[in-house]
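Chains as they are written, first to last, in this note's numbering: chain U, 82 to 243; chain X, 158 to 296.
Simulated from the structure, these hints should not be mistaken for lab results.
Hints may contain errors.
From chain X, some residues computed to sit far from chain U (all C-beta separations above 12 Å) [as the list claims (entries may be wrong)]:
id	residue
1	K159
2	W161
3	I164
4	A167
5	V174
6	G176
7	P196
8	I200
9	S201
10	A203
11	D204
12	E226
13	N267
14	S269
15	I295
So the derived label-pair ranges between C-beta atoms look like this [unchecked claim]:
id	chain 1	residue 1	chain 2	residue 2	range
16	X	A218	U	E171	40 to 48 Å
17	X	V175	U	R222	26 to 34 Å
18	X	E210	U	N165	32 to 40 Å
19	X	E210	U	E223	40 to 48 Å
Note that beta-carbon positions come from the ideal geometry of N, C-alpha and C, so glycine has one too.
Each chain, letter by letter, is given below.
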Amino acid sequence: MTKNGYIGFFSHTPIEDIKADNNQVASVLDVSTGEIVFQVLIKSFHFEKALMEQHFNESFLESDKFPRSTFKGRIVNLSMVDFNKNGEYEATVRGDLNIHDVTRNISVTGTVEVVPGGINANAKFNIAPEDYNIKIPSVVRENIAKIIEVTIAIKYTALEKK
Amino acid sequence: MKLWIKIALATVMVFAVVGIGIGIYLFNLEAADLRKAKPDFIISAADLQQAFENNEVSASAKFVNRIIEVSGNIESISIGEENALNLTLQTGSDLSSVICTIPDAASTVNLSTGNPITVRGECSGYLMDVLLNNCVIIK
Numbered sequence: 082m083t084k085n086g087y088i089g090f091f092s093h094t095p096i097e098d099i100k101a102d103n104n105q106v107a108s109v110l111d112v113s114t115g116e117i118v119f120q121v122l123i124k125s126f127h128f129e130k131a132l133m134e135q136h137f138n139e140s141f142l143e144s145d146k147f148p149r150s151t152f153k154g155r156i157v158n159l160s161m162v163d164f165n166k167n168g169e170y171e172a173t174v175r176g177d178l179n180i181h182d183v184t185r186n187i188s189v190t191g192t193v194e195v196v197p198g199g200i201n202a203n204a205k206f207n208i209a210p211e212d213y214n215i216k217i218p219s220v221v222r223e224n225i226a227k228i229i230e231v232t233i234a235i236k237y238t239a240l241e242k243k
Numbered sequence: 158m159k160l161w162i163k164i165a166l167a168t169v170m171v172f173a174v175v176g177i178g179i180g181i182y183l184f185n186l187e188a189a190d191l192r193k194a195k196p197d198f199i200i201s202a203a204d205l206q207q208a209f210e211n212n213e214v215s216a217s218a219k220f221v222n223r224i225i226e227v228s229g230n231i232e233s234i235s236i237g238e239e240n241a242l243n244l245t246l247q248t249g250s251d252l253s254s255v256i257c258t259i260p261d262a263a264s265t266v267n268l269s270t271g272n273p274i275t276v277r278g279e280c281s282g283y284l285m286d287v288l289l290n291n292c293v294i295i296k
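Only chain U is shown next, with the shape it has when bound in the complex:
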């Protein structure tokens, strides 16, 4: 598991590029079943400009009403990943992504790298804010891409019992 995972997103338009980082992603991967869970606080996304962060929280994601985003899914090609052997494997994860109180079933292909002492998981995929009922006001519509690129980088370490 990890409590220090990373999810970032990137929006590119001819007018401007907008990037946000969240290094406070909690995630659990069960290597025996392939089940994978992510949880983030919307307020933990950090933007370069304070006004962007404010719009993101107050107008777009309404983080006071919907403070969390979650994903619950499963590695569908678990037989292709050998968690006992170091190496990089391609993994496809399917599950339910909840953002802004809207849940959608998504499928994402990324890599799982088994390294000494842990597992690194990386993926990049696209989501459309519109799919999650996120309304972008017309004033800034041209500044924000219709499709947002999401980057996931997680370093799992085995759950220690204290």
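For this one, chain U is given, so just place chain X on it according to the hints.
Leaving out everything else, chain X in the frame of chain U:
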């Protein structure tokens, strides 16, 4: 041109320039530097975590979006993506702690686990731990 027209025009110009200036300033404003900000709360990591564990709703209402100066011993240090660094502070709980994310890891020399530290940051809320963002090290 009459004097009062000149004065009126000049006044309008001044307001327009100031207005545009403020607009540009606000648009480009970067995240606040918390080194200069006054904390809303000064609290130990153990007390902060306890407040959220006891009652997440009331603790969220009290602490979220506020600037918190938190003190505790470093449980772990983890290097994140995009130059960020996560400091986990010990609390009274084995399962839950206070995690402080420092966006600019270059400012974090000479940290080691077990040592006491004071960090100022904005509270994002409670996931499995209390999360503080945009953190700066105070001492």
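Hints, verified against the model:
no.: 1; hint: K159; verdict: holds, 39 Å
no.: 2; hint: W161; verdict: holds, 37 Å
no.: 3; hint: I164; verdict: holds, 34 Å
no.: 4; hint: A167; verdict: holds, 31 Å
no.: 5; hint: V174; verdict: holds, 21 Å
no.: 6; hint: G176; verdict: holds, 16 Å
no.: 7; hint: P196; verdict: holds, 18 Å
no.: 8; hint: I200; verdict: holds, 19 Å
no.: 9; hint: S201; verdict: holds, 20 Å
no.: 10; hint: A203; verdict: holds, 16 Å
no.: 11; hint: D204; verdict: holds, 20 Å
no.: 12; hint: E226; verdict: holds, 18 Å
no.: 13; hint: N267; verdict: holds, 20 Å
no.: 14; hint: S269; verdict: holds, 17 Å
no.: 15; hint: I295; verdict: holds, 19 Å
no.: 16; hint: X:A218 / U:E171: 40 to 48 Å; verdict: holds, 45 Å
no.: 17; hint: X:V175 / U:R222: 26 to 34 Å; verdict: holds, 28 Å
no.: 18; hint: X:E210 / U:N165: 32 to 40 Å; verdict: holds, 36 Å
no.: 19; hint: X:E210 / U:E223: 40 to 48 Å; verdict: holds, 45 Å
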